[in-house]
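Residue numbers (the working numbering), protein chains in the order written: chain A, 183 to 278; chain B, 24 to 336.
Think of the hints as simulated: they come from the structure by calculation, not from any bench. A few of these clues could be false.
Part of the chain A face toward chain B, derived, beta carbon under 7 Å [as the list claims (entries may be wrong)]: (1) Asp186; (2) Gln188; (3) Pro203; (4) His206; (5) Ser209; (6) Tyr213; (7) Leu225; (8) Asp242.
Calculated from the model, a selection of chain A residues having no Cβ within reach of chain B, i.e. all distances over 10 Å [stated by the list, open to error]: (9) Phe195; (10) Val207; (11) Lys233; (12) Phe254; (13) Asp260.
Given the structure is predicted, the values throughout are model-derived calculations rather than measurements. Even for Gly, the Cβ is constructed at its ideal location relative to N, Cα and C.
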Amino acid sequence: MSEDNQGILWEVFLQTKAGRPFKHVGSLHAYDKKMAMTAARDLFTRRGEGKGIWLVKAEDIVSSQLEDDEAFFDPSDDKVYRHPTFYTMPEGVKHI
Amino acid sequence: MEDSKKLAEFQEKIDADIKIEPRDWMPEKYRQNLIRQISQHAHSEIIGMQPEKNWLTRAPSIRAKKILMAKIQDEAGHGLYLYCAAETLGVKREKVLNLLHEGKAKYSSVFNYPTISWADMGAIGWLVDGAAIVNQVSLQGTSYGPYSRAMVKICMEESFHQRQGYEVIVTLAKGTPEQKQMAQDALNRWWWPSVMMFGPHDAESAHSNQSLKWKIKRESNDELRQRFIDKTIEQGEILGLTFPDPDLKWNESKKHYDFGEIDWDEFWNVVKGNGPGNKQRLKHHVEAHENGKWVREAAIAYADKLNLQTKTA
């Protein structure tokens with residue numbers, strides 16, 4: 183990494199409140215973890231948007247391939263019995 | 024030739040308002056149009072810091088200075104969100120910066136005008152940011168996911184910019200006759216450049232039709248310009264300020280303001296690089312980039328050293 187560049191690309195995830203999931207909010211360039219964390223704070227939490235930050239190098243993210251999305255996610259399509267609405271409850275039964 | 028079936032599917036998604044994401048198939052021209060538009064938008068945010076920094080050390084109070092500082096910091100952030108959105112299309116940050124430095128990429132011409140009085144800080148926030156907000160609110164609905172998400176975040180932050188600018192104008196307009204004149208003078212100088220920010224009329228706009236079909240843009244230049252004018256006039260008149268356009272008049276049948284002819288010679292002259300501040304703005308950006316080289320080199324050397332330590336540990 184010796185040429186003049188803008189650093190590594192990091193993806194930023196923010197937790198809005200304790201107990202909430204971390205959500206992707208954007209990305210930034212930085213040369214190391216510490217700098218990335220400071221930049222993420224300055225870029226994405228100037229108005230109290232979050233109290234927790236996760237940083238992941240963009241190159242380390244593994245994602246599904248869109249071309250075979252259909253086949254890949256197919257196994258869930260024919261299993262309607264995984265949803266509560268599949269089941270018929272007798273008339274008058276409560277709290278279920 | 025690009026697969027016509029893919030192209031049809033792509034247009035179907037666009038028509039159904041399904042966002043396009045970085046790894047989806049897209050026509051090469053869609054990609055190139057977006058790279059051009061998003062990176063120019065990013066450059067505008069970054070170059071736009073310069074007219075404002077002119078007044079940072081001379082702000083009339085600590086309060087005003089803190090606010091201006093926060094606003095300039097936001098602009099830097101907006102530039103960075105947008106550069107990252109452009110990068111998701113496969114263009115390197117270094118490349119878009121080089122295009123700017125070589126004069127091949129444009130930024131909003133409005134930032135080539137000088138800020139000669141404190142009232143200009145008000146006019147920029149009220150009018151320039153006001154115009155930018157009209158455009159950006161519309162762009163929240165753009166078809167490209169990362170661009171749309173950047174716009175949502177930017178719009179949330181921009182409304183403070185417009186209000187702080189208007190507050191500066193309000194304070195001056197309610198001050199001494201000299202102060203009111205400062206506000207009027209700033210309005211006189213910034214009104215037309217702000218109206219021009221929406222670009223050429225629809226009939227003369229080079230990229231408009233394709234951009235609208237692909238929903239990169241959601242509304243035309245003239246529609247957006249009209250909306251900006253309609254919502255701004257009252258804000259000036261309520262302060263007793265006059266807009267520098269004798270043809271400006273409410274049209275009851277259209278329910279819009281009629282306005283005078285835009286000086287397109289001036290517009291194109293500034294776009295082509297001959298505005299009052301073009302050379303200075305670009306020179307300053309190139310110098311800041313070059314002067315920052317040692318910082319990037321030091322950061323790279325430090326990161327390399329850390330990596331080496333992790334490997335040998």
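Results for each hint:
1. Below 7 Å, beta-carbon pairs count as interface contacts, and Asp186 of chain A has one with chain B at about 6 Å; its hint therefore holds.
2. The closest approach between the C-beta of Gln188 of chain A and any C-beta of chain B is roughly 4 Å, which is under the 7 Å cut-off, so the hint is satisfied.
3. Because the beta carbon of Pro203 of chain A sits about 17 Å from the nearest beta carbon in chain B, more than 7 Å, this interface hint is broken.
4. Violation of the interface hint for His206 of chain A is found here, the shortest Cβ-Cβ separation to chain B being roughly 9 Å, above the 7 Å cut-off.
5. Here the hint on Ser209 of chain A is kept, as its CB sits about 5 Å from the closest CB of chain B, short of 7 Å.
6. For the restraint placing Tyr213 of chain A at the interface with chain B, the shortest Cβ-Cβ distance is roughly 4 Å, inside the 7 Å limit, so the hint holds.
7. Nearest Cβ of chain B to the Cβ of Leu225 of chain A: about 5 Å, under the 7 Å cut. The hint holds.
8. Because the smallest distance between the Cβ of Asp242 of chain A and any Cβ of chain B comes to about 14 Å, over 7 Å, the interface hint for this residue is violated.
9. Against the 10 Å criterion, Phe195 of chain A stays outside the reach of chain B, whose nearest CB is about 14 Å from its own CB.
10. Annotated as non-interface, Val207 of chain A brings its C-beta within 10 Å of a C-beta of chain B; the closest such distance is 8 Å.
11. With a closest Cβ-Cβ approach of about 18 Å to chain B, Lys233 of chain A is found to remain outside the 10 Å limit, as its non-interface label requires.
12. At roughly 14 Å from the closest C-beta of chain B, the C-beta of Phe254 of chain A stays outside 10 Å, upholding its exclusion from the interface.
13. At the 10 Å boundary, the C-beta of Asp260 of chain A stays outside the reach of chain B, the nearest C-beta of that chain being 24 Å off.
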